[in-house]
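Order-wise, the sequence lines are chains E and U.
Our numbering puts the first residue of the first sequence at 3, with every later residue one more than the last.
Our numbering puts the first residue of the second sequence at 62, with every later residue one more than the last.
Hints in this document: simulated from the structure, not taken from any laboratory.
Just so it is clear, the structure is predicted and the values come from calculations on it, not from any experiment.
By construction, the Cβ of each residue, glycine as well, lies at the ideal position given by its N, Cα and C atoms.
Heads up, none of these hints are tricks.
List of simulated lysine-lysine pairs, DSS-like, C-alpha gap at most 27 Å:
1) 170(E) x 183(E)
2) 170(E) x 26(E)
3) 676(E) x 162(U)
4) 676(E) x 660(E)
5) 684(E) x 150(U)
6) 641(E) x 660(E)
7) 684(E) x 162(U)
8) 496(E) x 579(E)
9) 162(U) x 150(U)
Partial pick of chain U residues on the chain E-facing surface, computed with a CB cut under 7 Å:
10) 85
11) 86
12) 155
13) 156
14) 159
15) 162
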Amino acid sequence: MFNLIPLIILFPVVGLLVNLAWGKHLGETWSGAIASGAAGLSFVIAVLQVIGLQSNGFHAVTVPLADWITIGNLNIPWAFQVDTLSVTMMLVVTGVGTLIHIYAIGYEHSDVRHNGDPDRYPRFFVYLNLFLAAMLILVTGNNYLMMFVGWEGVGLCSYLLIGFWFEKGENQVGNARAARKAFVANRIGDWAMLLAMFLIFWNFGSLTFNEVFKGVDLLEPSMSSNPELMTAITLLLLIGATGKSAQIPLYVWLPDAMAGPTPVSALIHAATMVTAGIYMMTRSHALFALAPFSQNTVALIGAATAFLAATIAVGQFDIKKVLAYSTISQLGFMVAAVGLGGYVAGMFHLVTHAFFKALLFLSSGSVIHAMEHGEHALHMADHAVGGGGDSDHHAEGHDAHGDSHGAASPAFDPQDMRNMGGLWSKLPVTKWVYLIGAIALAGIPPFAGFFSKDEILLDAFNKKNYLVLGLLVVAAFFTAFYMTRQMLMVFFGKPRTDAARHAGESPLLMTIPLMALAALSVLGGGLNLPGVHTLTDWLGHTLGEVEAGEFNIPLAATATGLALVAIGVAYALYRSKPATVEERDPLQGMLGPLFTWLNRKWYVDEIYKGLILDRYDDLARFTADVIDWNFWHDWFHDKAVAGTFNAFTTMLADGVDKGFIDPVISHFPADLSKGIANIFRKLQTGYVRSYALAVFVGVVGVLGYFLIAK
Amino acid sequence: MNPIPTSYFVALSAILFTLGVTGVLVRRNAIIIFMSVELMLNSANLVFVAFARQFVDLSGQVFVFFVMTVAAAEVAVGLALIVAIFRNKQSINVDEINQLKG
Numbered sequence: 003m004f005n006l007i008p009l010i011i012l013f014p015v016v017g018l019l020v021n022l023a024w025g026k027h028l029g030e031t032w033s034g035a036i037a038s039g040a041a042g043l044s045f046v047i048a049v050l051q052v053i054g055l056q057s058n059g060f061h062a063v064t065v066p067l068a069d070w071i072t073i074g075n076l077n078i079p080w081a082f083q084v085d086t087l088s089v090t091m092m093l094v095v096t097g098v099g100t101l102i103h104i105y106a107i108g109y110e111h112s113d114v115r116h117n118g119d120p121d122r123y124p125r126f127f128v129y130l131n132l133f134l135a136a137m138l139i140l141v142t143g144n145n146y147l148m149m150f151v152g153w154e155g156v157g158l159c160s161y162l163l164i165g166f167w168f169e170k171g172e173n174q175v176g177n178a179r180a181a182r183k184a185f186v187a188n189r190i191g192d193w194a195m196l197l198a199m200f201l202i203f204w205n206f207g208s209l210t211f212n213e214v215f216k217g218v219d220l221l222e223p224s225m226s227s228n229p230e231l232m233t234a235i236t237l238l239l240l241i242g243a244t245g246k247s248a249q250i251p252l253y254v255w256l257p258d259a260m261a262g263p264t265p266v267s268a269l270i271h272a273a274t275m276v277t278a279g280i281y282m283m284t285r286s287h288a289l290f291a292l293a294p295f296s297q298n299t300v301a302l303i304g305a306a307t308a309f310l311a312a313t314i315a316v317g318q319f320d321i322k323k324v325l326a327y328s329t330i331s332q333l334g335f336m337v338a339a340v341g342l343g344g345y346v347a348g349m350f351h352l353v354t355h356a357f358f359k360a361l362l363f364l365s366s367g368s369v370i371h372a373m374e375h376g377e378h379a380l381h382m383a384d385h386a387v388g389g390g391g392d393s394d395h396h397a398e399g400h401d402a403h404g405d406s407h408g409a410a411s412p413a414f415d416p417q418d419m420r421n422m423g424g425l426w427s428k429l430p431v432t433k434w435v436y437l438i439g440a441i442a443l444a445g446i447p448p449f450a451g452f453f454s455k456d457e458i459l460l461d462a463f464n465k466k467n468y469l470v471l472g473l474l475v476v477a478a479f480f481t482a483f484y485m486t487r488q489m490l491m492v493f494f495g496k497p498r499t500d501a502a503r504h505a506g507e508s509p510l511l512m513t514i515p516l517m518a519l520a521a522l523s524v525l526g527g528g529l530n531l532p533g534v535h536t537l538t539d540w541l542g543h544t545l546g547e548v549e550a551g552e553f554n555i556p557l558a559a560t561a562t563g564l565a566l567v568a569i570g571v572a573y574a575l576y577r578s579k580p581a582t583v584e585e586r587d588p589l590q591g592m593l594g595p596l597f598t599w600l601n602r603k604w605y606v607d608e609i610y611k612g613l614i615l616d617r618y619d620d621l622a623r624f625t626a627d628v629i630d631w632n633f634w635h636d637w638f639h640d641k642a643v644a645g646t647f648n649a650f651t652t653m654l655a656d657g658v659d660k661g662f663i664d665p666v667i668s669h670f671p672a673d674l675s676k677g678i679a680n681i682f683r684k685l686q687t688g689y690v691r692s693y694a695l696a697v698f699v700g701v702v703g704v705l706g707y708f709l710i711a712k
Numbered sequence: 062m063n064p065i066p067t068s069y070f071v072a073l074s075a076i077l078f079t080l081g082v083t084g085v086l087v088r089r090n091a092i093i094i095f096m097s098v099e100l101m102l103n104s105a106n107l108v109f110v111a112f113a114r115q116f117v118d119l120s121g122q123v124f125v126f127f128v129m130t131v132a133a134a135e136v137a138v139g140l141a142l143i144v145a146i147f148r149n150k151q152s153i154n155v156d157e158i159n160q161l162k163g
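Just need the whole structure built from these sequences, with the hints factored in.
Next comes the structure, spelled out in structure tokens:
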């Protein structure tokens, strides 16, 4: 049973390779079916692991596959950790993943056409399967480095999928920028992860979970001698988690990540990848247990994020942005739970959140799809009136729409909730599943979100951490408020645009996964009902003895009451407003600048820009202008090197060559021989008679000498 | 009758030689110069035979034959040169034959 575990990664890898090699020839149906089939087979493997664990008495099993890195005493195997915690993650990742794969077959069919590049269809499933493989490496690895491989892999897939339509968005670079922002923000977290891994290896001599935690147990008696070390490791792990799981201060990438296609938002940016940080901290619970300061920090960061993101979600108009901030907020709940030591509550919320947030995102995709469909229908109607409605005008209208989309209606945004309204009668399936998701998220019993959120609040209450409890309760209040606002703005009232008036339901291929997720959102709470504690017992085999928080009726009643009040307030405000696209949000009338402040997301992006990005630009400009240009180029290169060299060569050329070599070595002998030659050439007159005279004089001279001298 | 003293021959020879030298140095016509050279050779021949007569030694007379032979050969080469030059330059003025001047 456990020997099958490598297959869980192999299936998506095979799926992606098939789509990579033959995707364009397979056709959309087969391309999607292969990817979904791979995901489904992985889910089967995950279920087999559950059976295996059950017959094994829930003992953790390590399945070694190969030696990976062996250098000195650094020994990292490529091995799989099968225990209740990792199997829980496997089930969520492959289960929700499979449903989203199936949904994407239908969604991408129209998405690639809406964006005008149908050839990109198989690429989407290549990325999706690659993501699944990376995420499964992350959760199955039995050491930190293997987890890090998956950690980086999912980050890469996130980048690729946010930028799936990289040439679209604001100024044709909006999506690419969003992808880059996600990548860079994650990189900061990865940096901290790496440092944490270095520290772990340095102090425990291993990166394998079992050995590290064994080392921690041995460390405990002498722990007092070095508490800072554990604090440092856990704080660095926390920074890693804030990057991946979108917590303060690195959460800013997640809202922008909504630039990706909706199945991506559901799979990566709601259900699975962003929970990697919670999984990692839960996995490292033995380390966190020894660092109370870090635990407090984790809890506070989680609660603050939950509160901050929930307030921001209230002021958003983009249907997916609301859900994005809601995701950040719910991740904050999970992180807070982990910080409070409520690992089971965190994991529980992780699972239920995967259900209902995937459901909400996919439903919002269905809504967006319906809006785009309505706009198409509208456009086709125009076309038919103008073009005379011949038999194949349907196809023409489709094409014409694709061409003229930017020019004809540049301002129309199918994701803006102000453009919606009155979709209740138009979307017979989506409306119900959306309602179920919203109620589950708002935390109304007996839906899944109620139980998991209540357990987190209970943990905060039992730990007497009232600051965290207060922040979480307020966040829960806002959660109910913004979900009601969204429901009312999207589905109720009168349609505010023609597109909303013509919206139509999505195909069955998209709605069936929605129904499955809706069922899970309703029943998910059953995983860990108060008094039964299925999940607590299940995870207890891995996390050790965890005290099961008993249901606290006053607390649950307060939370539910607050949620109901929030729903009531939102209903009163948004029942019939806004009536038109232009009418301002009723909350804006009440809160004024405060609403703008929420809508602008607390100006965090602007603050980051002012405090970090611009300063970074300044630094870059400084290094470029002063250090590189002024110092290296102007001074070092031009003055110091080139100047010295030029001075030296000038000295050689002017002083040595022109001053000495030329006059002394070359000109002087030349002039000398020329001068001598000038004298002698005068003798050669060309007159034969003068030569004869010379001969004569010479002969007379010589003879005379002999005559006189003798 | 007294024989003519040798000094007369020597004096005549000196006069002839001087005339020949002068002719070579001052005349421009190559043929005249040539003739002057012949005059110098013959003045030398005259000295040879004069001293041969005085010392009764035949080697002087023999020498003169050699000189005349060489002179004849020289005249043949020289006149050929003059003809060749004239064909080239339409002139045998030695002052115009100066093309080897640097």
